[in-house]
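2 protein chains.
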Amino acid sequence: MSERPLILITNDDSYQAKGLAELVKMARRLGDVVVVAPAEGQSGKSHSVSLGSFVRLKTITEEPGYSVYAVTGTPVDCVKMAMSHILQRKPDLLISGINHGSNASVNAFYSGTMGAAKEGAFNNIPAVGLSLCNYDANADFSIVIKYSEPLIKKVLAQNKNPQLCLNINYPVVDESDFKGLKICRQAHGIWKEAFVENTNPYGDKIYWLTGSFVNFEPDATDTDEWALRNNYATVVPMNLDSTDFEDLQNIDYLL
Amino acid sequence: MSERPLILITNDDSYQAKGLAELVKMARRLGDVVVVAPAEGQSGKSHSVSLGSFVRLKTITEEPGYSVYAVTGTPVDCVKMAMSHILQRKPDLLISGINHGSNASVNAFYSGTMGAAKEGAFNNIPAVGLSLCNYDANADFSIVIKYSEPLIKKVLAQNKNPQLCLNINYPVVDESDFKGLKICRQAHGIWKEAFVENTNPYGDKIYWLTGSFVNFEPDATDTDEWALRNNYATVVPMNLDSTDFEDLQNIDYLL
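If you read the protein sequences in the order shown, they are chains A and B. Those letters in the first sequence? Residues 59 to 313, per my numbering, in order. Those letters in the second sequence? Residues 59 to 313, per my numbering, in order.
Keep in mind that the hints were calculated from the coordinates and are not lab data. C-beta atoms are modelled at their ideal positions from N, C-alpha and C, and glycine is treated no differently. Mixed in with the good hints, there may be bad ones.
Facing chain A, according to a computed beta carbon distance under 7 angstroms, are these residues of chain B, among others [said to hold, decoys possible]:
id, residue
1, Ser104
2, His143
3, Ala166
4, Lys212
5, Arg243
6, Leu306
When you get a sec, could you build the whole thing from the sequences and use the hints?
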């Protein structure tokens, strides 16, 4: 019996986001699809999990080859809920996105989209995070779909790395200027924060996180930030091991 | 003029946790101390930030050489708030902890304690996360203090790596059996989840995240999990780059 691939989809913008809807259309051409996505927006939730509190599960759609569930938790909660409670078998692929906004450079650490992708890869499910550098709720995802579909077919066909985890970001560009996909490393940079101080109606000071990205290596042509600025989509393979193996050889002097 | 080192302290168990209080006592022997810690417990918050919502800031203590502030946000929010709003100069060191519970192996990814440490290191503040594998609110942190203080003095004295980030975990063991600090790599493993289903008083099903840790390499003597089981405290240098450099050389076939 030949079985269609099983594709688990999640995101951090909620099950109602346009980016997810566009991704679902593509994924249903490639296999059976189960969406387990946050009930509400979960941007910036990184790899966080709901500890000490509970989640709820809402069935949105259940039909042969296509189901949608909403979880009142983080993107990583969604993957854990899918694996332990919803899915009958291990998915062949996890796709997280399409995120409304960049997950390039250091954003990969803050991103709920990429937290969910890494959680899949931890569990030996090859994972792809897709993001478009456009925060508009009605962004046009057509380039993302067109250029990601062939790559995702190849990820589904590969069987050498069950912990493959790709962070893929697309620039906002007309297709005539788009230069295609480029394998890159993560640019080094940080968000420089400026908390905006407001006063709430009760007279209390409150602080809203804002900031601007600082690229530490703007001229490094092998980085994702350089490639995005030059109209490439970027493919960064993500590391699932937190160890710094260079420092591991160099810190004896501290003991 | 000789200035005392400035040490920023945060954690994920809140500014009222015993582990933080014990750490503060040690840090005040080494320098001026500013605590910026979550107003409430933030376990499992990873590298998450409060986007689309606000934080509040409460001054708990302000005296020469020692201040304490509580932030209604995540551990990483606390570091950002300290850097952009509270501190007059860049700290010489960030210490996150002492966490009530293990941050070894894959816990490093879920951990708010280690998220805050990494955020410091991103900003060129050498950072140390301290954890004791004991979840008790009244745990005895004396071994952690005794064996960490000399190492932290050396971290303060080193000036070759401003992005040094150490994940240090202590076993629960009598001092007579304690074997000292060991430099390790992160063990590969995962949490196998089992959501416990309950029904709330309104008749809705709710799910609580529980699980058990599965070590993929229990016999690897160079890992943190092996060392902790064998009564060592573990020192894992953490990577601030999300790129998998091995995969970077191997994924051309996907394009």
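Structure-based check of all given hints:
no.	hint	in the structure
1	Ser104	holds (4 angstroms)
2	His143	holds (5 angstroms)
3	Ala166	holds (4 angstroms)
4	Lys212	holds (5 angstroms)
5	Arg243	holds (4 angstroms)
6	Leu306	holds (6 angstroms)
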